[in-house]
Amino acid sequence: MACPFGGHPNHLNPVSPATTPPPPKGYRVIPGIVWWNLIFWPWRQYIAARAMGLPVSPPTLAPPGATGVYFTDIKSLEGLLSAGDFAKRLGLGLQAHRECNEYGCAVVEFDVVSPPPVSVPPPAPNAKQQGLTTGGAREWLTGGNVKVEDSMRVVYIDWTHNGVRFFEIPL
Amino acid sequence: METNGYYKRIVSSLLGQTPDLKELGQRVDWGGSGAVLQMYYETSGKDRDNFISAIGRVIEEEESPPVVAQVLHIASSLNLTQVEPSVHVLESKSVASVPLVHEAIFNFLAYENLFSRGRGR
Numbered sequence: 014m015a016c017p018f019g020g021h022p023n024h025l026n027p028v029s030p031a032t033t034p035p036p037p038k039g040y041r042v043i044p045g046i047v048w049w050n051l052i053f054w055p056w057r058q059y060i061a062a063r064a065m066g067l068p069v070s071p072p073t074l075a076p077p078g079a080t081g082v083y084f085t086d087i088k089s090l091e092g093l094l095s096a097g098d099f100a101k102r103l104g105l106g107l108q109a110h111r112e113c114n115e116y117g118c119a120v121v122e123f124d125v126v127s128p129p130p131v132s133v134p135p136p137a138p139n140a141k142q143q144g145l146t147t148g149g150a151r152e153w154l155t156g157g158n159v160k161v162e163d164s165m166r167v168v169y170i171d172w173t174h175n176g177v178r179f180f181e182i183p184l
Numbered sequence: 024m025e026t027n028g029y030y031k032r033i034v035s036s037l038l039g040q041t042p043d044l045k046e047l048g049q050r051v052d053w054g055g056s057g058a059v060l061q062m063y064y065e066t067s068g069k070d071r072d073n074f075i076s077a078i079g080r081v082i083e084e085e086e087s088p089p090v091v092a093q094v095l096h097i098a099s100s101l102n103l104t105q106v107e108p109s110v111h112v113l114e115s116k117s118v119a120s121v122p123l124v125h126e127a128i129f130n131f132l133a134y135e136n137l138f139s140r141g142r143g144r
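Residue numbers (the working numbering), protein chains in the order written: chain Y, 14 to 184; chain C, 24 to 144.
Chain Y with its partners taken away, still in its complex shape (with noise of 0.2 Å):
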């Protein structure tokens, strides 16, 4: 079976520590129960509002008051195949990994603007390396939070009794 984002299943590329400059693409991973009741219909909500002329602001990448987005690149992601997968290689905690495995997950591709300077980020906690996840990911922290815009591209990965299975959402 095809992996969303290349590469054969379960060959994961090693990468090399992420540095600066940032690549021009980041890839966010969000756990299904977050990115559906968080983020999607937030979006929706707001496309509403926009349509009739509210001036509302669009929902983030990151929780309200996060400081940055952590991201990713497309090398990271390839050979990834379930949520479960992606929520390994990103390192993400417990809970998150769990809800992964439960619902699925959202990647969402997003243009890396800069400034706000986008940084490495200290090292996880158990992180072997700075610039690279628990997971073996590299890894960014943009400035500040991101909003979702329309240009944003969003692949969903999830499974069915037929197996795992992979979907773009338009936004």
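The hints are simulated quantities; they were obtained by calculation from the structure and are not laboratory data. The beta-carbon is built from N, C-alpha and C at its ideal position, and this holds for glycine as well.
Okay, derived cross-link-like pairs now, DSS-like style, lysine-lysine, Cα gap no bigger than 27 Å in a straight line: (1) C:K45 to Y:K101; (2) Y:K38 to Y:K88; (3) Y:K88 to Y:K141; (4) C:K45 to Y:K141; (5) Y:K160 to Y:K88; (6) Y:K160 to Y:K38.
Rough simulated footprint, nothing fancy, chain Y against chain C, three-plus residues with beta-carbon under 8 Å: (7) 34-46; (8) 84-92; (9) 95-104; (10) 122-135.
Please arrange chain C on chain Y, whose structure you already have, making use of the hints.
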């Protein structure tokens, strides 16, 4: 669970202070909001009412802008119209003038107004 219990669980989740989230340190990210969502979906009947009351109390009483903004975003996303009076209480507090919170209040009331038209209000 009583409202007070939910109140404490909601705030500690959004601050990343539960045992599950503590290990993430600065990287709580959506983990706190995700835990609150999980709480919401685990409730029904009287527990659901208590949970929603707790959301209202967090909106009225908390002082941390990220916590207030996150809980408003959750309330807005779940269409928890019951907490609208709490949002009006919040409007009179100083934290309401923080841009992050101000934006969240505006969104909540705009969406509430938008959807209330559908309900014939």
